[in-house]
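Put chain W with the ligands on the given structure of chain F with help from the hints.
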Amino acid sequence: MIIKANVKEALKSLITAKQRTILALIGIVIGIGSVIGMVSIGTIVQNEALKQFRDMGIDIVSITKDYERQGSDEGFNIDHIYGLPGYSSLIKKVAPYIVSSTQYSYMGQDLYIELMGVDESFFDLNKLYIREGRLLSDLDRNRFFCVIGAEAASILRKAGIKDILGRQFLFGERIYTVVGILKSLPEGGGMRPSGINRGAITHITTAMRAFTTNDITTFMARVDTQDSKAAKAVIENYFSKKAGGLRVRVRTAEELIAQMQKQMQLFTLLLGAIGSIALIVGGIGVMNVMLISVTERRKEIGIRRALGAQRTDIEAQFIIESVTLCFVGGIIGIILGIIISYVFSHFSKWDFLISQSAIILGFCVATAVGVFFGYYPARSASRLDPAAALRE
Amino acid sequence: MLHLIDIRKSYQVGPTAVDVLKGISLTVEKGELLSIIGPSGSGKSTLMNILGLLEQPSAGTYSVEETRITYDDDRTLSSLRNKMIGFVFQQYNLLPRLTAVDNVGLPLIYRGISEKEISERSMEYIKKVEMQERFHHKPTELSGGQQQRIAIARALVGNPSLILADEPTGALDTHTGQEIMNLFRRLNEEEGITIVVITHDPKIAAQCRRKVELRDGIITG
Ligand SMILES: Nc1ncnc2c1ncn2[C@@H]1O[C@H](COP(=O)(O)OP(=O)(O)O)[C@@H](O)[C@H]1O
Ligand SMILES: [Mg+2]
Chain F
1 MIIKANVKEA LKSLITAKQR TILALIGIVI GIGSVIGMVS IGTIVQNEAL
51 KQFRDMGIDI VSITKDYERQ GSDEGFNIDH IYGLPGYSSL IKKVAPYIVS
101 STQYSYMGQD LYIELMGVDE SFFDLNKLYI REGRLLSDLD RNRFFCVIGA
151 EAASILRKAG IKDILGRQFL FGERIYTVVG ILKSLPEGGG MRPSGINRGA
201 ITHITTAMRA FTTNDITTFM ARVDTQDSKA AKAVIENYFS KKAGGLRVRV
251 RTAEELIAQM QKQMQLFTLL LGAIGSIALI VGGIGVMNVM LISVTERRKE
301 IGIRRALGAQ RTDIEAQFII ESVTLCFVGG IIGIILGIII SYVFSHFSKW
351 DFLISQSAII LGFCVATAVG VFFGYYPARS ASRLDPAAAL RE
Chain W
393 MLHLIDIRKS YQVGPTAVDV LKGISLTVEK GELLSIIGPS GSGKSTLMNI
443 LGLLEQPSAG TYSVEETRIT YDDDRTLSSL RNKMIGFVFQ QYNLLPRLTA
493 VDNVGLPLIY RGISEKEISE RSMEYIKKVE MQERFHHKPT ELSGGQQQRI
543 AIARALVGNP SLILADEPTG ALDTHTGQEI MNLFRRLNEE EGITIVVITH
593 DPKIAAQCRR KVELRDGIIT G
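First to last, the protein sequences are chains F and W. Each residue of the first sequence is one higher than the one before, starting from 1 at the first, in my numbering. Each residue of the second sequence is one higher than the one before, starting from 393 at the first, in my numbering.
Just chain F, same shape as in the assembly (with noise of 0.2 Å):
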């Protein structure tokens, strides 16, 4: 009853819309919304970390040439590549691709589809099913068949292509057959290579006749999942003896986490610090407010006590008061974290999803803060003399 009484109070004073409880809840928003960002893109994050190693597994690793610490820009040797599981039992397949500079085209209008040449290793390696049709296999070798993503299918329906497979379209100088159509792919796998989805394909051989640019720089690893390290190392090892000094750079899953939670790191410290400068000063706005109401309560503080109030009666009334300040510019900034979230997974192209434990803990944060600068205030009034107050 007391509290219910003490609730209502306090929104009506809100309602009443003084520009100085307006500004005090700002502050209270924007530190509570930056908290429950970092929090929801924290949960974000380790959900996408998840993803990636259910999707591909963590023993994948992509390698490309380091082109930053040497001269040449030729691509790999395939056959080095090729060569690398003999080489090492740590490593157990390889697959090497190519993606082409040319693309599609389709009655003078461009739709943007580009070509990939692969082997039979990557589409096991990138989880790669098929739809419609039937996948590419090694003997597939040199032969002018594609086939194409899920995207890319629906791009072409668009265009008002029929009956994709089986039919022939010009890429580049030379005409494919499609002979299958993929399976949707999730975006943003992180190791896989992007563009599968609205891409066609065809085996690497084919490109590297076909392309004008064949140069292999990156390729793909299945590597012994133990000790992805040692993995790394011989790798290194194996195309500075084979190559001649080759240097490369191998990212492995964990790295690319790593990543992930470094990108994460620094926008949650950016956003804990907003956060925390907000809430301060939001909070020292609801003490302004807080010690205003009382100033202006005297006479109401004299009458409670006179009625038989208790100190921490009194004391109880302000923080409360103050608490559901801080609930109403908490609740606003959930929304809002919950929004700055959307955003960042949406340019991240991660997966959203609302965190429960943000919004607890925000609920917590705007608890917490109400009851520190509230009390005060509070205690201030609780200590007023009731006789004095009662005089003005």
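FRET-style restraints, in silico, Cβ to Cβ: (1) Lys51(F) - Gly504(W): 51 to 57 Å; (2) Met393(W) - Thr367(F): 42 to 48 Å; (3) Lys51(F) - Arg467(W): 55 to 61 Å; (4) Thr312(F) - Arg601(W): 37 to 43 Å; (5) Arg489(W) - Val371(F): 21 to 27 Å; (6) Thr612(W) - Thr367(F): 54 to 60 Å; (7) Arg489(W) - Ile280(F): 30 to 36 Å; (8) Ile505(W) - Val371(F): 24 to 30 Å; (9) Gly406(W) - Ile15(F): 40 to 46 Å; (10) Leu270(F) - Ile461(W): 55 to 61 Å; (11) Arg467(W) - Ile339(F): 44 to 50 Å; (12) Ser471(W) - Ile277(F): 41 to 47 Å; (13) Gly504(W) - Phe347(F): 52 to 58 Å; (14) Arg467(W) - Phe347(F): 54 to 60 Å.
Negatives, chain W to chain F, calculated, CB over 10 Å: (15) Leu394; (16) Val410; (17) Leu418; (18) Lys519; (19) His528; (20) Leu534; (21) Thr568; (22) Arg577; (23) His592; (24) Arg602; (25) Glu605; (26) Ile611.
Hints listed in this document are in silico derivations from the structure and should not be mistaken for laboratory results. Remember, it's a predicted structure, so these values are computed and weren't measured experimentally. Note that the Cβ used here is the ideal one computed from N, Cα and C, for glycine as well.
Here is chain W with the ligands on its own, set in the frame of chain F:
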């Protein structure tokens, strides 16, 4: 019921101490209707604040129902004010944002009584002061006499044995003031509530069974 022995009160104003009460000894018996009369500034309100446990005397002893008040525990003092004493003020002192029912119910919210029971009891006491037409009115929507009736209902709702009224008719016209005095006399006669009325109006004081005169901080008659 109330027993004051040589009560003194002085206030420190800057470097000088102002003696407001200069040795008051007074006994108020159960069931009395007592008036304390004196000119403005004679210390009446200060005396009422001491009687009502809102202020601690600088010296002297004050006992309520044979128990000496020690002023060291806010809980005890608050609880006595809440359960034993009802205050009525010259300026009514209703909370402007609350309706009549909510104002009357205020003393009860500090007792942990259910909301339903509080509003039932508040309405009962509003009926007792004949204000049942005005349950949901705010103080500003009521006349002075009506506000004072609501304030009396608030003083009575906790079923106190003592009512302390500081110039309860001071802001009212003669006719309305008389109605309020009639209400006090009825409460005193019919329910045996001890009532102390502070006033500077001899006509009001004359209606009380006992009259104490205060002048410049001492009792003169
Ligand atoms: N807190 C205080 N500090 C200083 N002087 C006070 C204080 N309270 C009351 N007084 C003084 O005490 C005197 C008596 O006041 P009061 O008890 O209100 O008289 P009355 O109610 O008879 O008019 C007045 O002169 C007043 O100025
Ligand atoms: Mg007075």
